[in-house]
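Could you put together the complete structure from these sequences and hints?
Number of protein chains: 2
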Amino acid sequence: MSWKMRIHDWLAAHRAEGTELLRQLVRIPSTQGNELEVQRLVAERLLADPGWEVDVWEPDGETLTEHPDFCSERNRFDGSPNVVGVLRGTGGGRSILLNGHADVVPEGDRQQWRRDPYGGEVAAGRLYGRGASDMKGGTVSLLLAVRAIRELGIRLRGDVIFENVIEEESGGAGTLAAIVRGYRADAALIPEPTNMRIFPKQQGSMWFRITVKGRSAHGGTRYEGVSAIEKSMAVIASVRELERARNARIADPLYAGNPIPIPINIGVIEGGNWPSSVPDRVKLEGRMGVAPEESLGQARQEMARWLAGLAASDPWFAAHPPVLEWFGARWMPGSLDPGHELVRVLSDQYREVLGTEPVIEASPWGTDGGLLTSLGGTPCVVFGPGLARKAHHPDEYIELDRVFEAAEIIALTILRWCGTEEGLAR
Amino acid sequence: MSWKMRIHDWLAAHRAEGTELLRQLVRIPSTQGNELEVQRLVAERLLADPGWEVDVWEPDGETLTEHPDFCSERNRFDGSPNVVGVLRGTGGGRSILLNGHADVVPEGDRQQWRRDPYGGEVAAGRLYGRGASDMKGGTVSLLLAVRAIRELGIRLRGDVIFENVIEEESGGAGTLAAIVRGYRADAALIPEPTNMRIFPKQQGSMWFRITVKGRSAHGGTRYEGVSAIEKSMAVIASVRELERARNARIADPLYAGNPIPIPINIGVIEGGNWPSSVPDRVKLEGRMGVAPEESLGQARQEMARWLAGLAASDPWFAAHPPVLEWFGARWMPGSLDPGHELVRVLSDQYREVLGTEPVIEASPWGTDGGLLTSLGGTPCVVFGPGLARKAHHPDEYIELDRVFEAAEIIALTILRWCGTEEGLAR
Chain A
81 MSWKMRIHDW LAAHRAEGTE LLRQLVRIPS TQGNELEVQR LVAERLLADP GWEVDVWEPD
141 GETLTEHPDF CSERNRFDGS PNVVGVLRGT GGGRSILLNG HADVVPEGDR QQWRRDPYGG
201 EVAAGRLYGR GASDMKGGTV SLLLAVRAIR ELGIRLRGDV IFENVIEEES GGAGTLAAIV
261 RGYRADAALI PEPTNMRIFP KQQGSMWFRI TVKGRSAHGG TRYEGVSAIE KSMAVIASVR
321 ELERARNARI ADPLYAGNPI PIPINIGVIE GGNWPSSVPD RVKLEGRMGV APEESLGQAR
381 QEMARWLAGL AASDPWFAAH PPVLEWFGAR WMPGSLDPGH ELVRVLSDQY REVLGTEPVI
441 EASPWGTDGG LLTSLGGTPC VVFGPGLARK AHHPDEYIEL DRVFEAAEII ALTILRWCGT
501 EEGLAR
Chain B
81 MSWKMRIHDW LAAHRAEGTE LLRQLVRIPS TQGNELEVQR LVAERLLADP GWEVDVWEPD
141 GETLTEHPDF CSERNRFDGS PNVVGVLRGT GGGRSILLNG HADVVPEGDR QQWRRDPYGG
201 EVAAGRLYGR GASDMKGGTV SLLLAVRAIR ELGIRLRGDV IFENVIEEES GGAGTLAAIV
261 RGYRADAALI PEPTNMRIFP KQQGSMWFRI TVKGRSAHGG TRYEGVSAIE KSMAVIASVR
321 ELERARNARI ADPLYAGNPI PIPINIGVIE GGNWPSSVPD RVKLEGRMGV APEESLGQAR
381 QEMARWLAGL AASDPWFAAH PPVLEWFGAR WMPGSLDPGH ELVRVLSDQY REVLGTEPVI
441 EASPWGTDGG LLTSLGGTPC VVFGPGLARK AHHPDEYIEL DRVFEAAEII ALTILRWCGT
501 EEGLAR
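Chains A and B supply the protein sequences, listed in that same order. For the first sequence, my numbering gives the first residue as 81, with consecutive numbering after it. For the second sequence, my numbering gives the first residue as 81, with consecutive numbering after it.
Treat the hints with caution; some may be incorrect.
To be verified - If you want the footprint, here are the derived chain A segments under chain B, 3+ residues with CB under 8 Å:
{"hint": "1", "stretch": "277-288"}
{"hint": "2", "stretch": "300-309"}
{"hint": "3", "stretch": "334-345"}
{"hint": "4", "stretch": "358-371"}
{"hint": "5", "stretch": "439-447"}
Stated by the list, open to error - Across the chosen pairs, the derived CB separations fall in these ranges:
{"hint": "6", "chain 1": "B", "residue 1": "R156", "chain 2": "A", "residue 2": "R194", "range": "37 to 43 Å"}
{"hint": "7", "chain 1": "A", "residue 1": "P395", "chain 2": "B", "residue 2": "A384", "range": "35 to 41 Å"}
{"hint": "8", "chain 1": "B", "residue 1": "N114", "chain 2": "A", "residue 2": "A204", "range": "55 to 61 Å"}
{"hint": "9", "chain 1": "A", "residue 1": "R261", "chain 2": "B", "residue 2": "T145", "range": "57 to 63 Å"}
{"hint": "10", "chain 1": "B", "residue 1": "D196", "chain 2": "A", "residue 2": "V403", "range": "22 to 28 Å"}
{"hint": "11", "chain 1": "B", "residue 1": "P186", "chain 2": "A", "residue 2": "A331", "range": "39 to 45 Å"}
{"hint": "12", "chain 1": "B", "residue 1": "P186", "chain 2": "A", "residue 2": "A204", "range": "35 to 41 Å"}
{"hint": "13", "chain 1": "A", "residue 1": "A314", "chain 2": "B", "residue 2": "D89", "range": "52 to 58 Å"}
Bear in mind the hints are in silico, worked out from the structure with no lab data behind them. C-beta: ideal position from N, C-alpha, C; glycine also.
Pasting the structure below:
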């Protein structure tokens, strides 16, 4: 029986167990700062197999914050450990780094959920809950893939480094900490929810804050003030225009199917402090997408120049320019040649398992792949189960079939990439 | 020497003392819940004259909240007393109720202040600080007027009821509590900052909250979600249209000089909780002006109907109608015939003291006058020193000359209205 069939059968035999593991992970609301329980569970799974060297550590905020690529709104990671497991190869093969993240974004307005966001309910082949797609499902694919390899007694030539990191949702401080700790490999794979598409390029992104000024007045004579809310509407419209201008320049065929390859999302608005007063200040916070071949600095400059242009259309902005800041999360863009060997191996296994041609695109969102590729020297491809369009949404879910298909494709990719002592024909 | 001259001279002699009293009051940041120190100071001033029966009480939240016209976001008033003083007349005269408020709105963004908002600094004849115009200046005019009358030994025939209330800025619960306690009179005067204009009509107003829904999505694929911020821009534009439609109907000559007689102010915006997520909810809070002859209920209904109209222009709103709520502050509109006797007496004294014709208008904002007139059965006129356009603003100030002129006009008005034992020619 071929390894492909054995792996397939092993995964079929462990379907209930894999589903239960995903349910357990989803039931833990591992938002930023609350990752400990997930990390304990993941570390336990690795430690059950003595072949893994397991490294669990809380990143040292003091050292990490000084790194030029550090970004997080917190500088202490007590109680928020990274988990890394290393499976040593027998030698002579290529190493692979598998990277998942433990953190999830908050569930948002609970009234918009028809399912318990931390229930892990299964219905019609879907498992529901915050993090099901982003990216506990992908993490389970990785854990199943490496366990199948181990339990089937396959001896890999190259090393496997499995990472489950913190802080992906806020800028990659967890992956940065793992890079700084020395973890690197010949290539990397991140099973973010690409809906089984292969992303050799990752959009970068970063968070911005725009402060818009007004002039306070009594609401009953509001015409004597200047509403920062009304002025912020002009700023929002201008940001929309900037998004249009930036996306009009994107010609990369990997973005062909994407209506807005590098979007600018305004995620938070907050202004005024009294219903009867004209608001004197509005804060906007959002996320700017950065093209794979663009630098974060270039994108920053373009937005700053664009907002400066508001002064020409409204003298208020000339006297009170909106204040632009960059804060919090930031994901470095990453770009791998679509002809890279790992993309080829992964595509082959995709065809083998699913019998169809894989879709190869550029990711519509940032991942830790940019850091791995650009900073860590570990060329990274993103491929995983789950739907990005359900990630960060109410009623996030993942189709369980995809979790197991991804596990099979990833297991076979590891075999091909790392090489085996046993030969692959067997 | 005429009473007019004696009062004028008394006020001139007490200019430094009156200014110091105002400074003391402004130095106390008596925002909602923090009125105690101001009320202690005012009560002490009254108690210094044994002629006043002084009533200091914390309104009983339990009883008050059940009143149909109660409105406040709090239901306990511990540490927030009302102060009322009653000066009994010798009989046979008309009574007058003088109403000031102790509370001030928050100072807002301190960076926009060039003066300390609670400094009470005096420069070029102006006294600066939050509450200087709204309405500690007016309160000082009242205190000076009644003290001049007392110290000059004038015996009034009618009663004088002096009130310094809490909660004016959040809907009049303080004045309501005084009405419920039984304080009423033949007429009332409120020295809110009309800039020495006479307002027989008061615009009513009330607070609203509009919740706008969106659908969350990852910011990198924001086209898969619906931004509650973008939808709220449509709602804000629609509210602006409603304001235009409502004001186009106002033909009252008392509003002739006012660009927006009954404005709708959006004072607070808040939505989204993550820069990288499409926001699924935005909350707008504001203040709707209500015409003197309109009821609060009519205005509420008009806004509800108007917002329902959004569904016609955008199917999103048909499926997810904005939710309209009325909360917090509410000021009943009030309307006095401009030919009312108190308006006549006040106008006469204005001419006497200032030698010019008074401006008679409708107030561009709500006051407790609506409650006094409509609920308390005490016809109320609003007239006072200070600038409404500086109220609720950074660098709020009052011109000290106006405080003393208003005190003189009010003192003479009290004499004429209440009648004196001594005769007015003396």
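For each hint, the structure was consulted:
1. Counting residues of the stretch 277-288 of chain A whose C-beta sits closer than 8 Å to any C-beta of chain B gives 4, which meets the bar of three, so the coverage hint holds.
2. Here the stretch 300-309 of chain A counts 8 residues with a CB under 8 Å from a CB of chain B, which clears the bar of 3, and the coverage holds.
3. With a threshold of 8 Å between beta carbons, the proposed coverage of the stretch 334-345 of chain A by chain B holds, since 4 of its residues qualify and at least three are required.
4. For the stretch 358-371 of chain A, the assignment as covered by chain B holds, since 9 residues bring a beta-carbon within under 8 Å of that chain's beta-carbons and 3 suffice.
5. Coverage of the stretch 439-447 of chain A by chain B holds. Counting CB-CB distances below 8 Å, 4 residues qualify, and the rule asks for three or more.
6. At roughly 38 Å, the beta-carbon separation of R156 of chain B and R194 of chain A lies within the given 37 to 43 Å, and the hint holds.
7. A C-beta distance of roughly 37 Å is found between P395 of chain A and A384 of chain B, which places it inside the suggested range of 35 to 41 Å.
8. One distance hint, 55 to 61 Å for the beta-carbon pair N114 of chain B and A204 of chain A, holds here, with the actual separation near 57 Å.
9. Checked against the given bound of 57 to 63 Å, the beta carbons of R261 of chain A and T145 of chain B, roughly 60 Å apart, stay inside it.
10. The beta-carbon spacing between D196 of chain B and V403 of chain A, approximately 24 Å, falls within the hinted interval of 22 to 28 Å.
11. As the Cβ distance of P186 of chain B to A331 of chain A is approximately 52 Å, the hint placing it in 39 to 45 Å is violated.
12. Distance hint for P186 of chain B and A204 of chain A: a CB-CB separation of about 52 Å, inconsistent with the stated range 35 to 41 Å.
13. Look at A314 of chain A against D89 of chain B: about 56 Å separates their beta carbons, and that is inside 52 to 58 Å.
Hint check: violations occur at hints 11 and 12; the rest are consistent with the structure.
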